[in-house]
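> Next come the chains, spelled out residue by residue.
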Amino acid sequence: MDETLYKNEERIERYLHGEMTPEEVAIFEENLANDDTLRRQAEAMARIVKGMEAVGGEQDRLLIDKMKAANGKRPAPVWWMSIAASLVIIFTVGYHFYDRSKTIDMGRQYAYVLPAETIIRGQEDEDSMNKLTVLFENVANGTDIDYTITELSPLWELAQSETYNEYTTYAPLIGWNLAMAHLQKYDKKAAKVVLNRLIEYEDDEESPIREKAIEVYRKL
Amino acid sequence: MNEFAKKYQDRTLTYLHNAFSLGKEDCEDVFQEASIILYQDAGKGKLDNLASSLYTYFIGICRNKAHEQLRANGKAQLPSIDELSGEENEHRYNMVLNKADKILNIIDTNEKAEHERSSIVQDMVSQLPSPCNEILWSYYRDGLSMKAIAQMFKYASEGVAKVKKHRCQERFRERYEDILKNM
Numbered sequence: 000m001d002e003t004l005y006k007n008e009e010r011i012e013r014y015l016h017g018e019m020t021p022e023e024v025a026i027f028e029e030n031l032a033n034d035d036t037l038r039r040q041a042e043a044m045a046r047i048v049k050g051m052e053a054v055g056g057e058q059d060r061l062l063i064d065k066m067k068a069a070n071g072k073r074p075a076p077v078w079w080m081s082i083a084a085s086l087v088i089i090f091t092v093g094y095h096f097y098d099r100s101k102t103i104d105m106g107r108q109y110a111y112v113l114p115a116e117t118i119i120r121g122q123e124d125e126d127s128m129n130k131l132t133v134l135f136e137n138v139a140n141g142t143d144i145d146y147t148i149t150e151l152s153p154l155w156e157l158a159q160s161e162t163y164n165e166y167t168t169y170a171p172l173i174g175w176n177l178a179m180a181h182l183q184k185y186d187k188k189a190a191k192v193v194l195n196r197l198i199e200y201e202d203d204e205e206s207p208i209r210e211k212a213i214e215v216y217r218k219l
Numbered sequence: 000m001n002e003f004a005k006k007y008q009d010r011t012l013t014y015l016h017n018a019f020s021l022g023k024e025d026c027e028d029v030f031q032e033a034s035i036i037l038y039q040d041a042g043k044g045k046l047d048n049l050a051s052s053l054y055t056y057f058i059g060i061c062r063n064k065a066h067e068q069l070r071a072n073g074k075a076q077l078p079s080i081d082e083l084s085g086e087e088n089e090h091r092y093n094m095v096l097n098k099a100d101k102i103l104n105i106i107d108t109n110e111k112a113e114h115e116r117s118s119i120v121q122d123m124v125s126q127l128p129s130p131c132n133e134i135l136w137s138y139y140r141d142g143l144s145m146k147a148i149a150q151m152f153k154y155a156s157e158g159v160a161k162v163k164k165h166r167c168q169e170r171f172r173e174r175y176e177d178i179l180k181n182m
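From first to last, the protein sequence lines stand for chains A and B.
For reference, each letter of the first sequence is one residue, going 0 to 219 in numbering that gives the first Met the number 0.
For reference, each letter of the second sequence is one residue, going 0 to 182 in numbering that gives the first Met the number 0.
Only chain A is shown next, with the shape it has when bound in the complex:
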């Protein structure tokens, strides 16, 4: 190994890492102008640093974007994990993450099980029906869930009240969609409260909503 090249390299690294005294910095920078070998080595090292920053920075940004996109949709695809590693995820810190994704998926999948149009037949107040249709579509599409929960929660209370009102007919469907919306927000506790009340409210044992509510409740 060429001793000069090696010593130069150590000097350049000390300069790059800010490990030189001000006097050493001044001498080093002066040498860059006069010492051809030092200058060529320093240029190559500086260009590696800058080149890697440009290329690596772009690669990192792409990876981060992919991770962010995957975060917004569903759990990260984990095909590279072994079964044992997957179990580690489930039973240690990953459990929360796995459970969250599973619950949100359940909320979305079950939202399609009881489509709004099969139950709402337009016999009640049209404004109320339109409002519910929009809210139920939000649940089915997984959009505006926070807003949908805020809107459906009082309607769920109103629909169950003893006094007949424009939402009474839709009470089971409101409860069902509210529960699915809570699941999509990974609020299992709130979903279970709604499902429990829905099961009690819908006492006809052959009711499809009751049957599905029991099914989901058991899964939770």
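The reader is advised that the hints may include incorrect statements.
[To be verified] Below are the DSS-like pairs computed for lysine-lysine, each with C-alpha atoms no more than 30 Å apart in a straight line: (1) B:K180 with B:K111; (2) A:K101 with B:K111; (3) A:K67 with B:K45; (4) B:K101 with A:K6.
[What the hints assert, rightly or not] Distance windows between CB atoms, simulated: (5) B:S129 with A:D143: 19 to 27 Å; (6) A:Y185 with B:T13: 48 to 56 Å; (7) B:L96 with A:L4: 20 to 28 Å; (8) A:A32 with B:N97: 15 to 23 Å; (9) B:N97 with A:L4: 21 to 29 Å.
Calculated directly from the structure, the hints in this document are not laboratory data.
No residue lacks a Cβ here, since even glycine has one placed at the ideal position from N, Cα and C.
Once you have looked at the hints, place chain B on chain A.
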């Protein structure tokens, strides 16, 4: 995440084993947990303004998790780990970038030549052969110490890794200068 994990899994497991004396299963646990944290941090937007490399950030999480694992294993005497905090790493990396700019300013090429040279170097660093690929990227982009690089890529010692790095830099310089000459 798959892409990231596939690229960095082997080297990280080797590093965790050699630097922290952790068993295979513990290393895998640490890697999995750190991967999940990285993924979640990305979702929370914590990586949006990352000053260091993504791997620098990730290996920092791995180190914290490895320390936790050692404590859980009842190992009071932690091995000597050559590491910096996330903030120190970012500061160090910014320092290197600034000083590299200073060197290039002192050398002072014209704007057109500067653009061409940057472009050449970006192609070169994207196509480095092994082991230079691993060593130079780990040192210059990820800010790893030579000791950590030796532990990560199974070199007998820090000295061996330093010699390899020196040869890689010289090969890079020679090739870079050849390209410039032939332009």
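> Identify every previously stated hint that the structure contradicts and give their numbers, smallest first.
Those not satisfied are hints 2, 5, 6.
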